[in-house]
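Add chains B and C to chain A, keeping to what the hints say.
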Amino acid sequence: MGKRIGMEVAIAAAEAVALCNIDVAAVYPITPQSHIAEHVADIIHDGRIDSEFITVESEHSAISACAGASAAGARAYTATSSQGLMLMHEILPIVSAMRLPICMANANRAVSGPLNIWNDHTDIMPQRDSGWISLFTENGQEVIDLSIMSFKIAEDPEVMLPCVVNIDGFQLTHMIEPLEFPSQAEVSKFLPPRKPFASLHPDNPISMGCFAMPDTYTETVLAKETALRNSKKVIAKVFSEWAKRFGRKYNVVETYKAKGADTLMLTMGSMGETASTAVDEMRKAGKKVGLVKLRLWRPFPVEELKAAIQECKTLIVMDRAISTGGAGGPVATDIKSILYGEKKKPRVLNVIAGLGGRDLTVSDFVAMFEMAKKKKDETFEIYGVRE
Amino acid sequence: MNPVQNFEIFAPKLVDRKEYLSAGHRACQGCGEVLALRHILKALGDDVVVANATGCMEIISSGYPQTAWEVPYVHVAFENAAAVGSGVEAALKALRRKGRIADRYVKTIAVAGDGGTADIGLQALSGAMERGHDMIFFCLDNEAYMNTGIQRSSATPFMAATTTSPAGEAIPGQRTQKKNVPEIMVAHKVPYVATACPSYPIDLINKVKKAAAVRGPAYVHVFSMCPTGWRCASEITIKLGRLAVETGVFPLYEVENGKYRLTMEVPEKLRPVGDYLKPQGRFRHLSPTDIEKIQAHVLREWDILLNKVECMQPW
Amino acid sequence: MAKKKTEQKKWPEKWHEVNPGCMVFAAGNAANYKTGSWKSQRPLWDNAKCIKCGICYIFCPEGCIQEKKDGFYEANLDYCKGCGICAHECWPGAIVMREEEE
Chain A
1 MGKRIGMEVA IAAAEAVALC NIDVAAVYPI TPQSHIAEHV ADIIHDGRID
51 SEFITVESEH SAISACAGAS AAGARAYTAT SSQGLMLMHE ILPIVSAMRL
101 PICMANANRA VSGPLNIWND HTDIMPQRDS GWISLFTENG QEVIDLSIMS
151 FKIAEDPEVM LPCVVNIDGF QLTHMIEPLE FPSQAEVSKF LPPRKPFASL
201 HPDNPISMGC FAMPDTYTET VLAKETALRN SKKVIAKVFS EWAKRFGRKY
251 NVVETYKAKG ADTLMLTMGS MGETASTAVD EMRKAGKKVG LVKLRLWRPF
301 PVEELKAAIQ ECKTLIVMDR AISTGGAGGP VATDIKSILY GEKKKPRVLN
351 VIAGLGGRDL TVSDFVAMFE MAKKKKDETF EIYGVRE
Chain B
1 MNPVQNFEIF APKLVDRKEY LSAGHRACQG CGEVLALRHI LKALGDDVVV
51 ANATGCMEII SSGYPQTAWE VPYVHVAFEN AAAVGSGVEA ALKALRRKGR
101 IADRYVKTIA VAGDGGTADI GLQALSGAME RGHDMIFFCL DNEAYMNTGI
151 QRSSATPFMA ATTTSPAGEA IPGQRTQKKN VPEIMVAHKV PYVATACPSY
201 PIDLINKVKK AAAVRGPAYV HVFSMCPTGW RCASEITIKL GRLAVETGVF
251 PLYEVENGKY RLTMEVPEKL RPVGDYLKPQ GRFRHLSPTD IEKIQAHVLR
301 EWDILLNKVE CMQPW
Chain C
1 MAKKKTEQKK WPEKWHEVNP GCMVFAAGNA ANYKTGSWKS QRPLWDNAKC
51 IKCGICYIFC PEGCIQEKKD GFYEANLDYC KGCGICAHEC WPGAIVMREE
101 EE
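Residue numbers (the numbering used here), protein chains in the order written: chain A, 1 to 387; chain B, 1 to 315; chain C, 1 to 102.
Don't read these hints as lab results, they were simulated from the structure. Quick reminder that beta carbons are idealized off the backbone N, C-alpha and C, glycines included. Hints may contain errors.
[As the list claims (entries may be wrong)] The following label-pair restraints were derived from C-beta to C-beta distances: (1) C:Asn76 / A:Asp215: 27 to 35 Å; (2) B:Lys98 / A:Lys3: 23 to 31 Å; (3) A:Pro126 / B:Asp303: 51 to 59 Å; (4) A:Asp129 / B:His285: 40 to 48 Å; (5) A:Asp129 / B:Arg215: 53 to 61 Å; (6) B:Lys13 / C:Pro20: 41 to 49 Å; (7) B:Ile304 / C:Lys69: 45 to 53 Å; (8) C:Asn32 / A:Leu222: 20 to 28 Å; (9) A:Gln184 / B:Ile304: 54 to 62 Å; (10) B:Val309 / A:Pro126: 45 to 53 Å; (11) A:Leu222 / C:Asn76: 35 to 43 Å; (12) B:Arg261 / C:Lys69: 50 to 58 Å.
One chain only, chain A, in its complex shape:
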């Protein structure tokens, strides 16, 4: 194992991106992402890397500037959170349709209203259908590793799609953890400079972002859908390469003590670590419980999830967001959908918890487990709400 240093995860995210030979960064600050924006600025202003830094006047312009930069062939990066991500919303499906491999860090934060700057997943959920690859991180090491890998995945000629790395705001961004960085030489070998499929330059004039009539739009939808689905293969390939080079293996779906479990809990993001400790406790107490941690949110890893959850009797899905007026939490809803046609499937219970930065402790997970076991029906529960 290499040298580990204590560093705030947001700073580490910026340091990881600095290893990636980015050409243009266009970032607008928003709590709790601001440390990422500030540290990228530090790095560039100190001349440590050769990149343009566009101090855009809003997130909408941040993603638009990244679109222009990526279209011109640059490796482009941005970061945002919550309201900023919502402001980018209009442009997100455009850049994925244009096949621009922009990479973004999203510090998961609750969406207004009311205004709340603390962690949950309500900001990334409205971007579900935007055609972006969406990865979740659990700890600082994953933030470093996935931030670097995201460029390789996004720019792969079989993919050419933008990628967002989700980092729980405050809960993860502001943690100081012992972290190991690959060297610049190692990252440069893993991630060469971007070679765009097509770019804007008079040496080969092309038009990008043309509009499509009804006779074509449907075909572009299937093209984008297929590209996003197929990106899972490339993600697995990049994960394997990372394991070979750096010894840390990632999977699109992670499991923890899931073998022989008749109840599985499912989490996404940093709460997975707390849930793991709860699983340890409950296993010690004799309960046959395990944990599934979803690392890849989009494209939804259907086969891997089915393989992980099909054998258990009960699946308790922890959502850190709600689909208001819908069928409960977004993750649970997607899981129920993929299980619909299966002959053998677990009973799926949905607990919505940790909204607006409400902390989730080990005992909370034990309590959620107990609450779910007692449920007679399949309606979702909002854990801990004062009624």
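What follows is chains B and C alone, placed relative to chain A:
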């Protein structure tokens, strides 16, 4: 008659012969905006990248699987031409510096209509100009959201009829005066700001070349005559542009580092504004009193401009 | 006008044939669309009156008026939309618009 100071030889034959926008584009018959774009591209040549906002020029030129553009072109959305252009400019700078593209200067330009400049696009424009990107922003101003069906914009002139400011019984057309975007650009300390009109093609081309010579932000506001939206015959497009200038409705000037300079003949007396308004259906509901009101406003604005020409010093 | 680089894509395209991101690689292939069918009148030059100033060339929104080898001008009727600007602007009145015959 005043002796003309900067008489420019009117020589279409000296203009670049290459067409950078192919015929086959779907602009309306007699479109002044696409004509302006044609002149702009001739002034810039091959080494340019165009970031275009959604609007007339985007729709008539880039319907998949066809494009009329002979130069590199990107369209993203309606309000972000300046932001996309900022990204393109930064990328070309970084990639050239890092040796990943040819070591030669390529100009970034952003092209938007009056909507994508003065209304929904104003924020991105302000941000880009403040940051000082090496980019020319062209506002092709046909004075309404023409592409979506002639709805009003903040560039629609006073009392003009549009579909969202119709000449009704209670409210006769647009209620506000045209937003002065060139002035906003001068307030941003943009080194080169100019107004231009395709009825004066050599002036337009010379101004574009001047804008291109700036290694920083530049802004050109181009009057774009629109027979479809202004409800007039397609053959008088050029004449209307000339009348707009001769009546003082759209004066031609440039501002270099804060110094104002008229680039048109300064007449003893401007032509009466009625000459410009009468051929256009969007003004047909105007009474003589209305026209007097508009005339007074035009003369006031003209005086303000002449004051600036006389008094403003370079920064 | 020089012949345009024309990329004739097989139409309609299957989903995997659509260019990624709806990019168009053939610059200027809008020339495949002949807007000349739009016109209800066409410009005709009387070279006896023409002074070869080039005004018609510079004011054509289509860019379809070209100088011929002899220095006179003509419109490429494949693209001319018949807007009438050239005839209206011609100083010596050398261009007239004639209604399209059936």
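Outcome of the hint check:
1. C:Asn76 / A:Asp215: 27 to 35 Å: Between asparagine 76 (chain C) and aspartate 215 (chain A), where Cβ atoms are some 28 Å apart, the hint holds.
2. B:Lys98 / A:Lys3: 23 to 31 Å: At 30 Å between Cβs, range holds.
3. A:Pro126 / B:Asp303: 51 to 59 Å: 52 Å, holds
4. A:Asp129 / B:His285: 40 to 48 Å: With a Cβ separation near 46 Å, aspartate 129 (chain A) and histidine 285 (chain B) satisfy 40 to 48 Å, so the hint holds.
5. A:Asp129 / B:Arg215: 53 to 61 Å: Since aspartate 129 (chain A) and arginine 215 (chain B) have Cβ atoms about 42 Å apart, the given range 53 to 61 Å is violated.
6. B:Lys13 / C:Pro20: 41 to 49 Å: 42 Å, holds
7. B:Ile304 / C:Lys69: 45 to 53 Å: 51 Å, holds
8. C:Asn32 / A:Leu222: 20 to 28 Å: For asparagine 32 (chain C) and leucine 222 (chain A) the Cβ distance comes to about 26 Å; the hint holds.
9. A:Gln184 / B:Ile304: 54 to 62 Å: 58 Å, holds
10. B:Val309 / A:Pro126: 45 to 53 Å: Holds - the Cβ-Cβ distance for valine 309 (chain B) and proline 126 (chain A), about 52 Å, lies within 45 to 53 Å.
11. A:Leu222 / C:Asn76: 35 to 43 Å: 39 Å, holds
12. B:Arg261 / C:Lys69: 50 to 58 Å: Violated, since arginine 261 (chain B) and lysine 69 (chain C) (Cβ atoms, about 41 Å apart) do not stay within the stated range.
When the structure is compared with the earlier hints, violations turn up for hints 5, 12 and for no others.
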